[in-house]
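Visitor: One-letter residues, chain by chain:
There are 2 protein chains.
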Amino acid sequence: MLPFSRVTIIGIGLIGSSVARAVRATMPSVRLTGYDADAGVRETADRLELFDDVTDTPGASVTDADLVILCVPVGAMGAAGAAIADDLPADAIVSDVGSCKAEVVRALAEALPGAIVIPAHPVAGTENSGPEAGFATLFKHRWCIVTPPEGAAPFAVERVCEFWRRLGSDVETMAPDHHDRVLAITSHLPHLIAYTIVGTASDMEEVTQSEVIKYSAGGFRDFTRIAASDPTMWRDVFLSNREAVLDMLQRFSEDLSALQRAIRWGKGDELFDLFTRTRAVRRSIIDQGQDDPAPDFGRTRE
Amino acid sequence: MLPFSRVTIIGIGLIGSSVARAVRATMPSVRLTGYDADAGVRETADRLELFDDVTDTPGASVTDADLVILCVPVGAMGAAGAAIADDLPADAIVSDVGSCKAEVVRALAEALPGAIVIPAHPVAGTENSGPEAGFATLFKHRWCIVTPPEGAAPFAVERVCEFWRRLGSDVETMAPDHHDRVLAITSHLPHLIAYTIVGTASDMEEVTQSEVIKYSAGGFRDFTRIAASDPTMWRDVFLSNREAVLDMLQRFSEDLSALQRAIRWGKGDELFDLFTRTRAVRRSIIDQGQDDPAPDFGRTRE
Numbered sequence: 001m002l003p004f005s006r007v008t009i010i011g012i013g014l015i016g017s018s019v020a021r022a023v024r025a026t027m028p029s030v031r032l033t034g035y036d037a038d039a040g041v042r043e044t045a046d047r048l049e050l051f052d053d054v055t056d057t058p059g060a061s062v063t064d065a066d067l068v069i070l071c072v073p074v075g076a077m078g079a080a081g082a083a084i085a086d087d088l089p090a091d092a093i094v095s096d097v098g099s100c101k102a103e104v105v106r107a108l109a110e111a112l113p114g115a116i117v118i119p120a121h122p123v124a125g126t127e128n129s130g131p132e133a134g135f136a137t138l139f140k141h142r143w144c145i146v147t148p149p150e151g152a153a154p155f156a157v158e159r160v161c162e163f164w165r166r167l168g169s170d171v172e173t174m175a176p177d178h179h180d181r182v183l184a185i186t187s188h189l190p191h192l193i194a195y196t197i198v199g200t201a202s203d204m205e206e207v208t209q210s211e212v213i214k215y216s217a218g219g220f221r222d223f224t225r226i227a228a229s230d231p232t233m234w235r236d237v238f239l240s241n242r243e244a245v246l247d248m249l250q251r252f253s254e255d256l257s258a259l260q261r262a263i264r265w266g267k268g269d270e271l272f273d274l275f276t277r278t279r280a281v282r283r284s285i286i287d288q289g290q291d292d293p294a295p296d297f298g299r300t301r302e
Numbered sequence: 001m002l003p004f005s006r007v008t009i010i011g012i013g014l015i016g017s018s019v020a021r022a023v024r025a026t027m028p029s030v031r032l033t034g035y036d037a038d039a040g041v042r043e044t045a046d047r048l049e050l051f052d053d054v055t056d057t058p059g060a061s062v063t064d065a066d067l068v069i070l071c072v073p074v075g076a077m078g079a080a081g082a083a084i085a086d087d088l089p090a091d092a093i094v095s096d097v098g099s100c101k102a103e104v105v106r107a108l109a110e111a112l113p114g115a116i117v118i119p120a121h122p123v124a125g126t127e128n129s130g131p132e133a134g135f136a137t138l139f140k141h142r143w144c145i146v147t148p149p150e151g152a153a154p155f156a157v158e159r160v161c162e163f164w165r166r167l168g169s170d171v172e173t174m175a176p177d178h179h180d181r182v183l184a185i186t187s188h189l190p191h192l193i194a195y196t197i198v199g200t201a202s203d204m205e206e207v208t209q210s211e212v213i214k215y216s217a218g219g220f221r222d223f224t225r226i227a228a229s230d231p232t233m234w235r236d237v238f239l240s241n242r243e244a245v246l247d248m249l250q251r252f253s254e255d256l257s258a259l260q261r262a263i264r265w266g267k268g269d270e271l272f273d274l275f276t277r278t279r280a281v282r283r284s285i286i287d288q289g290q291d292d293p294a295p296d297f298g299r300t301r302e
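In order, the protein sequence lines correspond to chains A and B.
The opening residue of the first sequence carries number 1 in the numbering used here; numbering runs sequentially from there.
The opening residue of the second sequence carries number 1 in the numbering used here; numbering runs sequentially from there.
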C-alpha cells in the first residue's frame, strides 16, 4: 500500500528533481507529474525523463494529484500555492520542502484556504543547483522533519511521514516554530557565517584573491562549499526565518567576542578548553552516522 | 641527487608521521630518525616502523642529521630548538611545519643562534591527530610555503624547497610576515569561526544537543570537522599569530554586522549579491584543484 499514487512536483531544482528520482527508484508505480516556472528547466526535465508528464501550467500539473510537493524557494511558496488553488483536488495533500516552516505554514494557509497542508523539510542537499544536480539517494539516512500545522489530521500527517520513509529518510515531527529554531542553529547560521567569511576573504587588499584560492586547503575551502549554495533559496531563508536567525547570530557574536578577548589577553586555557569541547561534538556526529568519519571528509588521497 | 640523506623528525603526530611516511615512499634511501617527547608516541612510532631509529632524547636524534624538521605545536618550537642546540651539527638545516612563521623564526633564532634555520609550512592536514593518523600522500598536490628569514643562504632555501617537491608538494617562498597574514584569512580565521559556532550550538537551551547532532547535515557538520582539529596546536596558532588573527576577525565582524543589518531590514538584494559572489569563489577553488568538485564533498551516496 503506497501512501500516494499520483505525485506532483512543482519546482524542479536540486531537491524537486531528487524527489522525482527517489520516487521513481522506490515507488515505480506512482504517476509523477512535474512543473517549473522556467521553460528551460521544463525542457531539461523532459529530456532527463524525470516525470511521466511535465505540464505547461501549474494548474494542469495538479488536477489529478493526491500529493503536491512545492519545491520552490520559501519566498515563492505563497505564489506557488496561489497558482494551483483553482485546480487543486479537495482531497489532495499539499506539502513542501522549504528550510523554514512557520512562514511557509502562514503563506500556504493564506494562499490555499481549506486545503490540507502538511509541510515538511528534508534536511539534505548539496552545493549544486538545478534539475541535473539531483540524485535518487539524496534523502537516504537523512532526517526529514514534518511540521503539521495545529489541528492537522493525524492520518494526513502519517501519509506524508510514510512518503518520506519510502524515500529512505528518518522522519520526525515537530512544531513549525521549534523547527525554525533548531534549523537556525544547525543550518541557517552556519550558512550565514560561511557566506560572510568567503565575502571577507574576497575583499582583502594585501592578500590577493589568488593567494586565498591557492591556500584554501588550510580550512577556508570547507566554508566555500556551503557558501556556494543557491543564492535565491538562501536569501529567502534568512528573510523568512529572520527572528530566529538574528537571535542565533547574537549568541554567536557574543561567543566570538569572548574568544577574541581570550586571544588578545593570551588566555590559552580558555581556548584549549573550548577546542577540546568542540572535538567531542564532532565525535557524536560521526557516532550517529550524520557524517563521514574519513579524514578530511574523505577527499581523494590518490 | 637527493636534497638530504639523513632526516630527523621531532614530534611524531599527524604531520611528523606523514612526513616520515612520505620520505619513505619518495626517497627510500634517506636515513630517518624520529623523536617525540611522549614515550607512548615513541613506542607507537617503533611499532609502525616509521623510522630507522627512534631515539630516547632529542639530542641523540640530531647528532648525524643534515635536515631536522620540528613537527611540534608552534608554542613548543623554542623549547624543541633549545633541546637540540648542543647536539646539532653545524651544517645541518633546521626546518619546521608550523602554521605561523614570524613567531617561529623569532623563537628558533633565539634558541639556535648561528644555526641554519629555514622554516616551512605544508598547507595540509586532517581533523585527526597522532602518529597513526598520518599518511604518505598528505602533501601531494598541496602547497608548501617556505619562509626564509632575511639573509638566508639561497642554496639552503632551495634544498628545503626541493625536499617538499619530492614529497609531492607545490612550493612557494614568502616572507614570514606575509605568510602569517595569508594564513590568518585562509586558515586561522576559518578555524576560529568553526570552533566558535560549534561552541555556540553546544550551549543552546531550548534546542537540545541531540537535536543539534541529529540535524547537523543542514550545514553545521561541515564546521565540526575543522573544529575537531588538535586543541594544543590551535591554541598555539592563535596566540602566536595574534595580531593578524585579531585584524582578520575585526574585518569579519564588520561584514557580519552588515549582513545582520540586511536581514533585519529585509534587504534581499544585498544578500543575493553577496551569495552570488561567494559562489564564484568556490568555482575558482575547484578549477585550481584545491578541492574536490564532487557534490557534498563526495560524501558516500551508497
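Quick caveat, the hints were computed from the structure, so don't treat them as lab data.
Treat the hints with care, as some may be off.
[What the hints assert, rightly or not] Calculated lysine to aspartate or glutamate pairs in the DMTMM-like style (CA-CA distance at most 25 Å, straight line):
#, chain 1, residue 1, chain 2, residue 2
1, B, K267, A, E110
2, B, K140, B, E49
3, A, K267, B, E49
4, A, K214, B, E172
5, A, K140, A, E127
6, A, K214, B, D292
[To be verified] Away from chain B, derived, C-beta distances all over 10 Å, residues of chain A:
#, residue
7, A133
8, D203
9, D296
[Claimed, not checked] Here are some, though not all, of the chain B residues that point toward chain A, as calculated from beta-carbon distances under 10 Å:
#, residue
10, T26
11, M27
12, P28
13, V30
14, G78
15, Y215
Even glycine gets a Cβ: it sits at the ideal position worked out from N, Cα and C.
Visitor: Hint M27 of chain B vs chain A: min CB-CB distance below 10 Å?
Guide: violated, 18 Å
Visitor: Can we keep the V30 of chain B interface hint, with Cβ of chain A closer than 10 Å?
Guide: Not OK, violated: V30 of chain B not within 10 Å of chain A, min 22 Å.
Visitor: Holds or violated: K140 of chain A with E127 of chain A, Cα cutoff 25 Å?
Guide: holds, 17 Å
Visitor: Take a quick look at A133 of chain A and tell me if its Cβ sits farther than 10 Å from every Cβ on chain B, holds or violated.
Guide: violated, 7 Å
Visitor: Are T26 of chain B and chain A close enough, Cβ to Cβ, to be under 10 Å, as the hint says?
Guide: violated, 13 Å
Visitor: Quick one, is the Y215 of chain B hint okay against chain A at 10 Å, beta carbons?
Guide: holds, 4 Å
Visitor: Would the pair K140 of chain B and E49 of chain B pass a check requiring their Cα atoms to be no farther apart than 25 Å?
Guide: Answer holds: K140 of chain B to E49 of chain B is near 22 Å, not above 25 Å.
Visitor: Take the shortest C-beta to C-beta distance between G78 of chain B and chain A; is it under 10 Å?
Guide: Not OK, violated: G78 of chain B not within 10 Å of chain A, min 15 Å.
Visitor: Test the statement that D296 of chain A is away from the interface with chain B: the closest C-beta pair must be farther apart than 10 Å.
Guide: Per Cβ check, D296 of chain A is inside 10 Å of chain B; nearest 4 Å; violated.
Visitor: Was the hint right that P28 of chain B lines chain A, CB cutoff 10 Å?
Guide: violated, 19 Å
Visitor: Need the status of pair K267 of chain A, E49 of chain B: alpha-carbon distance at most 25 Å?
Guide: violated, 38 Å
Visitor: Starting from K267 of chain B, check that the Cα of E110 of chain A is at most 25 Å away, please.
Guide: holds, 24 Å
Taken one by one, the earlier hints fail for this structure at numbers 3, 7, 8, 9, 10, 11, 12, 13 and 14, listed in ascending order.
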